[in-house]
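Enquirer: Residue numbers (numbering that gives the first Met the number 0), protein chains in the order written: chain Y, 0 to 304; chain D, 0 to 304; chain X, 0 to 508.
Bear in mind the hints are in silico, worked out from the structure with no lab data behind them.
Misleading hints may appear alongside valid ones.
Among the chain Y residues that face chain D by a calculated CB cut under 7 Å, a handful are [claimed, not checked]: (1) Ile151; (2) Ile236; (3) Ser240; (4) Ile266; (5) Leu285.
Part of the chain Y face toward chain D, derived, beta carbon under 7 Å [unchecked claim]: (6) Asp143; (7) Ile144; (8) Ala147; (9) Phe148; (10) Pro149; (11) Leu152; (12) Thr156; (13) Ala159; (14) Ser239; (15) Phe243; (16) Gly277; (17) Ile280; (18) Met281; (19) Val284; (20) Asn288.
All residues carry an ideal CB built from backbone N, CA and C; glycine is no exception.
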Amino acid sequence: MSVLVEANSRLKTGLPGSLAGTRGSAHWRRARLHWGGISPASVLLLVILAAVLAPLISPYDPFAQDIATRLKPPAWEAGGSWTHPLGTDQLGRDTYSRVVFGARVSLLVGFASVAISGVMGTLLGLLAGFFSGRVDRIVMRLVDIQLAFPRILLAVTIIAMLGPSVRNLVIVLGISAWMDYARIVRAQVLSLREKEYVLAARCVGLSDSGIMFRHILPNALSSAIIVASVSVASNIIIESSLSFLGLGVGANAITWGTMLADARNYIEVQSWLATFPGLAIMLVVLAVNLLGDWLRDILDPRLRR
Amino acid sequence: MAGFLARRLFDLLITVLGVSTLTFAVLRMTGDPVDFMLPPEATQQMVAEMRHQLGLDVPLPVQYVRFLVGAARGDLGESFHYREPALRLVASAIGPTLSLAAVSIGAAVAIAVPLGIVAAVYRNTMVDKAAMVLTVFGQSVPFFWLGIILVIAFAVNRNWLPTSGYGSPAHFVLPTITLAAFALARIARLTRSGMLDVLGQDYMRTARAKGLREAVIIGRHGLRNAAIPILTMIGLHFGVLMGGAVVTETIFAWPGLGRLIITSIYLRDYPVVQAGVLYMALVFVVINSALDMSYWLIDPTIRRE
Amino acid sequence: MLKLRSLVIFVAAIAVGLVPLTNSAAAPTGPRRLTLAYGAIPTTGDPAYDTNALAMDAYDAVFDTLVVFQDGKLRPSVAGSWKATSATEWEFKLRRDVKFHNGEPLNAAAVKFSLERILNPANRIPWLTQLGPISKIDAIDTYIVRITTVEPVATLAENLLIAYLVPPRYFQEVGRERFAREPIGSGPFKFKEMNPLTHFTITAFPESWRWDGKKPGVEEVTWKKLPEDATRIAAYRAREVEIADSVPPEQANRLRAAGAKIVSQPIAQTLSINLRSTWDTPLKHKKVRQALNYAVDKESILKNILIGHGTLSEGQIIGSDAFGYNPNLKAYPFDLQKARQLLSEAGYANGFEMTYHASQGRYPKDKEVSEVVAAQLAQVGVKAKIEYLENAVFSQMSRDGTIGPLNIYGWQYMPAMDISQPIPFFTCKTPRKNFCDPNLDEAINTMLSEMDPVKRLRKAQILSGIMRDTAPVIFLWQFHSVYAIQPYVKDYVPTTARRADLTRVSIDK
Numbered sequence: 000m001s002v003l004v005e006a007n008s009r010l011k012t013g014l015p016g017s018l019a020g021t022r023g024s025a026h027w028r029r030a031r032l033h034w035g036g037i038s039p040a041s042v043l044l045l046v047i048l049a050a051v052l053a054p055l056i057s058p059y060d061p062f063a064q065d066i067a068t069r070l071k072p073p074a075w076e077a078g079g080s081w082t083h084p085l086g087t088d089q090l091g092r093d094t095y096s097r098v099v100f101g102a103r104v105s106l107l108v109g110f111a112s113v114a115i116s117g118v119m120g121t122l123l124g125l126l127a128g129f130f131s132g133r134v135d136r137i138v139m140r141l142v143d144i145q146l147a148f149p150r151i152l153l154a155v156t157i158i159a160m161l162g163p164s165v166r167n168l169v170i171v172l173g174i175s176a177w178m179d180y181a182r183i184v185r186a187q188v189l190s191l192r193e194k195e196y197v198l199a200a201r202c203v204g205l206s207d208s209g210i211m212f213r214h215i216l217p218n219a220l221s222s223a224i225i226v227a228s229v230s231v232a233s234n235i236i237i238e239s240s241l242s243f244l245g246l247g248v249g250a251n252a253i254t255w256g257t258m259l260a261d262a263r264n265y266i267e268v269q270s271w272l273a274t275f276p277g278l279a280i281m282l283v284v285l286a287v288n289l290l291g292d293w294l295r296d297i298l299d300p301r302l303r304r
Numbered sequence: 000m001a002g003f004l005a006r007r008l009f010d011l012l013i014t015v016l017g018v019s020t021l022t023f024a025v026l027r028m029t030g031d032p033v034d035f036m037l038p039p040e041a042t043q044q045m046v047a048e049m050r051h052q053l054g055l056d057v058p059l060p061v062q063y064v065r066f067l068v069g070a071a072r073g074d075l076g077e078s079f080h081y082r083e084p085a086l087r088l089v090a091s092a093i094g095p096t097l098s099l100a101a102v103s104i105g106a107a108v109a110i111a112v113p114l115g116i117v118a119a120v121y122r123n124t125m126v127d128k129a130a131m132v133l134t135v136f137g138q139s140v141p142f143f144w145l146g147i148i149l150v151i152a153f154a155v156n157r158n159w160l161p162t163s164g165y166g167s168p169a170h171f172v173l174p175t176i177t178l179a180a181f182a183l184a185r186i187a188r189l190t191r192s193g194m195l196d197v198l199g200q201d202y203m204r205t206a207r208a209k210g211l212r213e214a215v216i217i218g219r220h221g222l223r224n225a226a227i228p229i230l231t232m233i234g235l236h237f238g239v240l241m242g243g244a245v246v247t248e249t250i251f252a253w254p255g256l257g258r259l260i261i262t263s264i265y266l267r268d269y270p271v272v273q274a275g276v277l278y279m280a281l282v283f284v285v286i287n288s289a290l291d292m293s294y295w296l297i298d299p300t301i302r303r304e
Numbered sequence: 000m001l002k003l004r005s006l007v008i009f010v011a012a013i014a015v016g017l018v019p020l021t022n023s024a025a026a027p028t029g030p031r032r033l034t035l036a037y038g039a040i041p042t043t044g045d046p047a048y049d050t051n052a053l054a055m056d057a058y059d060a061v062f063d064t065l066v067v068f069q070d071g072k073l074r075p076s077v078a079g080s081w082k083a084t085s086a087t088e089w090e091f092k093l094r095r096d097v098k099f100h101n102g103e104p105l106n107a108a109a110v111k112f113s114l115e116r117i118l119n120p121a122n123r124i125p126w127l128t129q130l131g132p133i134s135k136i137d138a139i140d141t142y143i144v145r146i147t148t149v150e151p152v153a154t155l156a157e158n159l160l161i162a163y164l165v166p167p168r169y170f171q172e173v174g175r176e177r178f179a180r181e182p183i184g185s186g187p188f189k190f191k192e193m194n195p196l197t198h199f200t201i202t203a204f205p206e207s208w209r210w211d212g213k214k215p216g217v218e219e220v221t222w223k224k225l226p227e228d229a230t231r232i233a234a235y236r237a238r239e240v241e242i243a244d245s246v247p248p249e250q251a252n253r254l255r256a257a258g259a260k261i262v263s264q265p266i267a268q269t270l271s272i273n274l275r276s277t278w279d280t281p282l283k284h285k286k287v288r289q290a291l292n293y294a295v296d297k298e299s300i301l302k303n304i305l306i307g308h309g310t311l312s313e314g315q316i317i318g319s320d321a322f323g324y325n326p327n328l329k330a331y332p333f334d335l336q337k338a339r340q341l342l343s344e345a346g347y348a349n350g351f352e353m354t355y356h357a358s359q360g361r362y363p364k365d366k367e368v369s370e371v372v373a374a375q376l377a378q379v380g381v382k383a384k385i386e387y388l389e390n391a392v393f394s395q396m397s398r399d400g401t402i403g404p405l406n407i408y409g410w411q412y413m414p415a416m417d418i419s420q421p422i423p424f425f426t427c428k429t430p431r432k433n434f435c436d437p438n439l440d441e442a443i444n445t446m447l448s449e450m451d452p453v454k455r456l457r458k459a460q461i462l463s464g465i466m467r468d469t470a471p472v473i474f475l476w477q478f479h480s481v482y483a484i485q486p487y488v489k490d491y492v493p494t495t496a497r498r499a500d501l502t503r504v505s506i507d508k
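Based on the sequences and whatever the hints tell you, model everything.
Expert: This is the structure:
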């Protein structure tokens, strides 16, 4: 397998290249540990809560049209009113309600697709690392092939074929990103395989799958989690790009991406149509990225030794 | 060395073949281009006739073999939509995509690496914090939104730059900013963490003890050792940019390969999609290999698998 | 392995692609250069292969046809006059002063060559069916062409509107592939260069007969391909182009306020929602279909979504610019009560559910319109479940008849400008299985087989009346193509066929 690909897998977890020693700047890391994660985590939690409670906190049905009140600006601008605090869109639908409901699908797409890639990739990585030989070569070859295929193009092709929908998008994003997890988990498995407790487990007579799942997996998981956190953010952005191209979740679902796409001709005069979903995306992605940083810091194996 | 090259070539072939088969299979399942190519008034007989002439009515395996045989001869078919050899179309689109990717990566690296170094050297100061906040934002913004706003601000409201198209250095500015923002963020953060790891190493203390100037230390020793992950990220982003620049190419009417492939997928223009994806796979593998080589050159102690 | 030639071409093409093409830069070479930003441009220099309406603008400037559609009717172009000498024979007398850009004369032999080229199935020219069932073409004199049809075709001359004429000697010399890259026509402009991904450029050819002695008002015309709305309008606002087509309705007023000349030109396509009676659904009942027509508030949508850039359809799938339009018919008024009454008379007082296949980006504002229509239908209990189909799938399902009982659709009647172009799709025998009603069928067939134009018009208008009553669709409106034109461009007048006569245009900077 390519050396580059190896190095890249270490990259995702932020683990140092093979040259750096184990000593170093652990102090500044530890200082950040405790309070660094709280703000992004709470923001994320708030957003998730809002998404879950969407029907309760939205004054309007996000699909309800009212052509008479179309393109009303947000309450604090001239012409706006507090009946529609963030204004309305070109069909008279309430922006605030749509942003709140949009959180549901946007977050769903972000997390569900990561879950799929995570499970798929971790499993394949476990198999590849544990069994080596032919299994390993096949899996790594699949990794190379999938890597060489531009992800957005795969998404476009499959969605063009199956039709845009939340389900199809989640599937596509899920199955096109398993490679990172596979490589990382595989690398971890390779290094853990020869450890004493594994050998001990073997002596006791534990089966292969037993060893894989009970001993190795938990340790390999931390790396996978770090990759996952970064991926949630990028998946949300990819969904918005695909929706912009008309190939995301389709027009029946509300996501921040589709809201942005619909707003593209209104960006100058009715800028609120694009600003609020855009800010929402930024906020969530920011929170997830910061959370991922924090996770990387606390899960850094160097500090655990 | 020769063995390394031979193995790489073999890998290349397998990967490209794999990608091409995948594309072929997925595409052929997505339905017919013939319905597009004929006006609604065309009879079923005409439709059947054209399907026959395009070779679309023979079984899939036969179609695939024909494609492979043609590809071996350098003939990737004629575009259904443009009625021109697919290879020529793809080749004319490569230049714009390649140049945009190269310029974007170049710009990103040129800004990100110094930024990362500065942030690492002055860690935990305002400079560091500001830099990191900036980069996280860069990673969190939906870049096509950014692109549209840039066009409005700099090309429409002030005629400083062209709004779209490809033809002069001025045309590169806005698309590059749009694309580089994301890569810049990742590379800067990576440089920073890589430099941080390296700055505390023993050999750095030795270098300081030897009395070398700080700048030299950072430059020669620090950067050299942090280079590998940075290079990896560059390679990754190049690949991403080749495929993922689709949205940017769409907004800026950039006549590149991403946009060509996407529109060809919409139009079911199989030969162009096939040729385009083949090319992208080739580029990815070539870049991967080139980076592998540079990786090996920078650090001969890397063990190759 | 790789053919050396392909490899060389490949590398050369990359090299060319890497060198920025000077023509793509927005640097006008002189004051009389017209640049248009279009959503689509010709994909090839050969006019027979691209059927996109937006490409016709360019082809019209470079090539000639036997007849043209101008100011509401069919008029002579290369053919000075024509008549049907029998039920299946037509004679076209050509002008004698037409020459191709390379000097070749445009005579009967050239016409024969051009038409036979289209009719030859081996050439895979998509306009083949448009020409109709032609059995043979003879040059009975140097400037007289006889066309024989298999069966009587009332609209033969209209069908020839898209038969662009090409020089036989040049074509045979260079072959199809090179002709597509270096085409030669006989029109007022000659082809300069193109890149199918970015632009199509032509220059004035003052010797062409179509200038009619006038001096060209523009020396060079370029169509830039900018499919993204925002990009196209930005190019216009930054004054990089003189004309932008397909301006989104909500931007039109802003541009007008900023000094642009906005032309909202009705085009030969109407939007409707097909009510396919061939499915086993409530749509089999005429009253249900009529009810749906009453339930949609078309004026509101036209005002609020299309911002007035559309012309209400008066219960017909053609506009007033088409042959067969009945000026005495009026659109179904918006009447929710009547809609509910009709529905309960048909036995559907509680409404029903139905799949609605919509498109996104296929027609202007199709997504928004679908959403509003579905909401309006819901008010009378008809729950339309919208499913968005991707364009290719939409075309395919439309053609093979598997598309849902309700579907949005744009009926085009260009190039024929005649109801007989879209109407066959409403017969019982059409493979699309769109609609079947024996009464309507009879009216259609009677009209189509009538050769006398006066009688045919009468029958067509009767047909329009029957069609309105039968309500095979929800009649919506006729599309407008909205153009933004810089104030210093004079006499750019687009027509219902989305083309403008470039010999009239001039630039006054």
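Enquirer: Against this structure, judge whether each hint is valid.
Expert: A quick look at each hint next to the structure:
| no. | hint | verdict |
| --- | --- | --- |
| 1 | Ile151 | holds, 5 Å |
| 2 | Ile236 | holds, 6 Å |
| 3 | Ser240 | holds, 5 Å |
| 4 | Ile266 | holds, 6 Å |
| 5 | Leu285 | holds, 5 Å |
| 6 | Asp143 | holds, 5 Å |
| 7 | Ile144 | holds, 4 Å |
| 8 | Ala147 | holds, 4 Å |
| 9 | Phe148 | holds, 5 Å |
| 10 | Pro149 | holds, 2 Å |
| 11 | Leu152 | holds, 6 Å |
| 12 | Thr156 | holds, 5 Å |
| 13 | Ala159 | holds, 5 Å |
| 14 | Ser239 | holds, 5 Å |
| 15 | Phe243 | holds, 5 Å |
| 16 | Gly277 | holds, 5 Å |
| 17 | Ile280 | holds, 5 Å |
| 18 | Met281 | holds, 5 Å |
| 19 | Val284 | holds, 4 Å |
| 20 | Asn288 | holds, 6 Å |
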